[in-house]
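**Student:** What follows is each chain in one-letter form.
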Amino acid sequence: MKQPFDSLRLAAFAAWFMSCAAHADRLGVPASVSPAYQAECSSCHIAFPPGLLAAEDWKRVMATLQKHYGDNASLDEQTRRTIEDFLVANAGRSSRLSAGGGMAKAGALPRLTETAWFKRKHHEVSPADWSQPQVKSPSNCAACHTRAGQGSYREREIVMPGGRRWGD
Amino acid sequence: MKAAAIILLALAAPLAQAATPIELLTAYRAEAARSTPGYLPSAEAGRRLYHHRFGVSEQMPACASCHTDNPADAGRHAVTNKAIQPLAPVANAERFTDPAKVEKWFRRNCTEVVGRACSAAEKADFIAFVMGVR
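So the sequences go chain by chain: A and B. Start counting the first sequence at 0; every next residue gets the next number (numbering that gives the first Met the number 0). Start counting the second sequence at 0; every next residue gets the next number (numbering that gives the first Met the number 0).
So here's chain B without its partners, still in its complex pose (with noise of 0.2 Å):
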């Protein structure tokens, strides 16, 4: 009986903070649409955003510099030259399911690549692009 309660804690544990690709997608998309009535996630607005050459960083000019031109490929740190598991969830599950750990790399990427925060419609335009990356 006590075993079967851990195990269901343990199970419990990760669910409570667990999400899908799409459910991020649909929280970015509905706080972009409280500053912008009627916006809808664009994967072309985030293609875009993924190839731009930003040049604020010089090791990192875009966010292909480490991720490749395809997020589906597994990419490597401009700095250490660490391997870095692809980006699309079509390769690698894991991705897009942490909404804390999908905030933290946004807020570090987007000062470091863009030169500034990205937007909530830029987080949704970015998740829709690499979700439909096949």
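So that you can see chain A by itself, here it is in the shape it has in the complex (with noise of 0.2 Å):
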């Protein structure tokens, strides 16, 4: 009876690691974007991928648009309904993904840039780099990421402050 035990495991853990593997694939903006989201939300900031954060932290972003990281971004009713049931059905759903606990205790607002997710992607990423004036907010995806405005995050895409290739 031990080997089928194992190999059950050894089938939940290859479903494990691929879902992780295709995570990055998945990464980006569902064909199905809503497009009152790819609208509103890409004036002030690229259109971030919805399953950056998990659905209670969008929830929150949602209910807190008056005041949105340091700027007004208001919406009628129906739009920012439309938008929250979109974010909620394409949040993310690993607890790496999830900016709450401390912060949200604090009264500080979710920020994708601080889930365990984000911070393991981009340890490699010098404060340098950080601090040049073009990047000016870690969630400024663009600066590097030089195809995030269309949904896409591949890493030979990568173009680092000064021209540089991420590798190089």
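Honestly, the hints are just simulated from the structure, not real lab data. Note that CB positions come from ideal geometry on N, CA and C, so glycine has one too. Heads up, some of the hints might be wrong.
Beta-carbon label-pair distances, calculated as ranges [as the list claims (entries may be wrong)]: (1) Ser31(A) with Trp104(B): 26 to 34 Å; (2) Gly114(B) with Arg95(A): 33 to 41 Å; (3) Gly114(B) with Ala62(A): 49 to 57 Å.
Which bits of chain A does chain B cover? Going by a derived footprint, with three or more residues having C-beta under 8 Å, they are [what the hints assert, rightly or not]: (4) 43-57; (5) 65-74; (6) 132-138.
Below, computed lysine-lysine pairings styled on DSBU-like, alpha-carbon distance capped at 30 Å [stated by the list, open to error]: (7) Lys66(A) with Lys120(A); (8) Lys120(A) with Lys81(B); (9) Lys118(A) with Lys100(B); (10) Lys66(A) with Lys100(B); (11) Lys100(B) with Lys58(A); (12) Lys103(B) with Lys120(A); (13) Lys118(A) with Lys66(A); (14) Lys81(B) with Lys135(A); (15) Lys81(B) with Lys118(A); (16) Lys58(A) with Lys81(B); (17) Lys118(A) with Lys103(B); (18) Lys120(A) with Lys100(B); (19) Lys135(A) with Lys118(A); (20) Lys120(A) with Lys58(A); (21) Lys66(A) with Lys135(A); (22) Lys81(B) with Lys100(B); (23) Lys66(A) with Lys81(B).
Please assemble the complex out of the two chains, which come individually in their own frames, going by the hints.
**Tutor:** Encoded structure:
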């Protein structure tokens, strides 16, 4: 009986591993993107991939649009609800994508740049790169991810501030 | 026949909401005149509004903080650094052609930058100023 159990575990591990590997490909804005999300949320920043925050985090973001990270992003209620539904339906499901916990208690808004996933993905980026004037904020994905505006975050598309390719 | 009807509908739909900057200016002027009889839009008052440093928001003390000193130039969002298309119709024909969009941005930006809602007169002055930018 031992062997089937092990193969089951192996299969479960393989499925888990594949889901992690696939995550990078799913990063981006789903093809079924709500036009309201695309139109409203990409005026001041790129339309962030909804999978980068958990559903509860998105709900908090969408409940506080009058005070939106240093700007007023208020919307009419119908548009706000449409966008919230889209974000919740496509939110990240892993706890590594949740920005809740400590920040939620402090009353600060969740930031997708402070999730465990984001930090792990960017741990090789130097403080000097982050502090370049054209970067301005870690949420400025397009500062290095040259096709972030089109929802693509492939490693070969990365151009660091100053023009050097990632990995060079 | 059906195709022609669809094309007509497609053309008519955006037209239903489209406006010109002059039409928007006229509508705000009429609204302002209801509380201030004889009110006339002033591009000079609009210019002062545009450049005034309200200082309510640290990162966006004035309209010019994101839209630059010249509304005909492309700007940058003071928080995110995202490019902002020019505000002046002379440089960007889409500006001030969608009443709902204009109201949305006046609501957001007046609240954030001025610290309160803008009056109809201020909106008319503002449009008079940016329309006159060459």
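**Student:** Indicate, hint by hint, whether the structure satisfies it.
**Tutor:** Verification of the hints:
1. Between Ser31(A) and Trp104(B) the beta carbon distance is about 28 Å. The supplied range of 26 to 34 Å therefore holds.
2. Our hint of 33 to 41 Å for Gly114(B) and Arg95(A) holds, since their Cβ atoms are close to 39 Å apart.
3. The hint said 49 to 57 Å for the Cβ distance between Gly114(B) and Ala62(A), and at roughly 22 Å that hint is violated.
4. Check result for the region 43-57 of chain A against chain B: holds, 3 residues qualifying (beta carbon to beta carbon below 8 Å, three or more required).
5. Here's how the region 65-74 of chain A fares: 8 of its residues keep a CB closer than 8 Å to some CB of chain B, so the rule of at least three is met and the hint holds.
6. Here's how the region 132-138 of chain A fares: 5 of its residues keep a CB closer than 8 Å to some CB of chain B, so the rule of at least three is met and the hint holds.
7. For the suggested pair Lys66(A) and Lys120(A), the alpha carbons sit about 28 Å apart, so the restraint of at most 30 Å is met.
8. Taken as a hint, the Lys120(A) and Lys81(B) pair is honoured in the structure, with Cα atoms around 23 Å apart against an allowance of 30 Å.
9. A C-alpha spacing of about 36 Å is found between Lys118(A) and Lys100(B), which places the hinted pair above 30 Å, so the restraint is violated.
10. Restraint check for Lys66(A) and Lys100(B): satisfied, since their Cα atoms lie roughly 19 Å apart, inside the 30 Å limit.
11. Only pairs whose Cα atoms come within 30 Å are accepted, and Lys100(B) paired with Lys58(A) is accepted, the gap being roughly 24 Å.
12. This hinted pair does not check out: Lys103(B) and Lys120(A) have alpha carbons roughly 36 Å apart, beyond 30 Å.
13. Of the supplied pair hints, the one linking Lys118(A) and Lys66(A) holds, its CA atoms being roughly 25 Å apart against a limit of 30 Å.
14. Between Lys81(B) and Lys135(A) the CA atoms are separated by roughly 10 Å; this keeps the pair inside 30 Å, and the hint holds.
15. This hinted pair checks out: Lys81(B) and Lys118(A) have alpha carbons roughly 22 Å apart, not beyond 30 Å.
16. Between Lys58(A) and Lys81(B), the direct Cα distance comes to roughly 24 Å. Compliance with the 30 Å bound is thereby established for this hinted pair.
17. Note on Lys118(A) and Lys103(B): the hinted pairing is violated, with a Cα-Cα distance of about 35 Å set against a maximum of 30 Å.
18. Between Lys120(A) and Lys100(B) the CA atoms are separated by roughly 37 Å; this puts the pair beyond 30 Å, and the hint is violated.
19. A distance of roughly 17 Å separates the Cα atoms of Lys135(A) and Lys118(A); the hinted pair therefore holds under the 30 Å criterion.
20. For the proposed pair Lys120(A) and Lys58(A), the alpha carbon gap of about 24 Å is at most 30 Å, so the pair holds.
21. Between Lys66(A) and Lys135(A), the direct Cα distance comes to roughly 19 Å. Compliance with the 30 Å bound is thereby established for this hinted pair.
22. A C-alpha spacing of about 19 Å is found between Lys81(B) and Lys100(B), which places the hinted pair at or below 30 Å, so the restraint holds.
23. Distance restraint check for Lys66(A) and Lys81(B): the Cα-Cα separation of roughly 19 Å lies within the 30 Å cut-off, and the hinted pair is therefore satisfied.
Of the hints listed earlier, those the structure fails to meet are numbers 3, 9, 12, 17, 18, in rising order.
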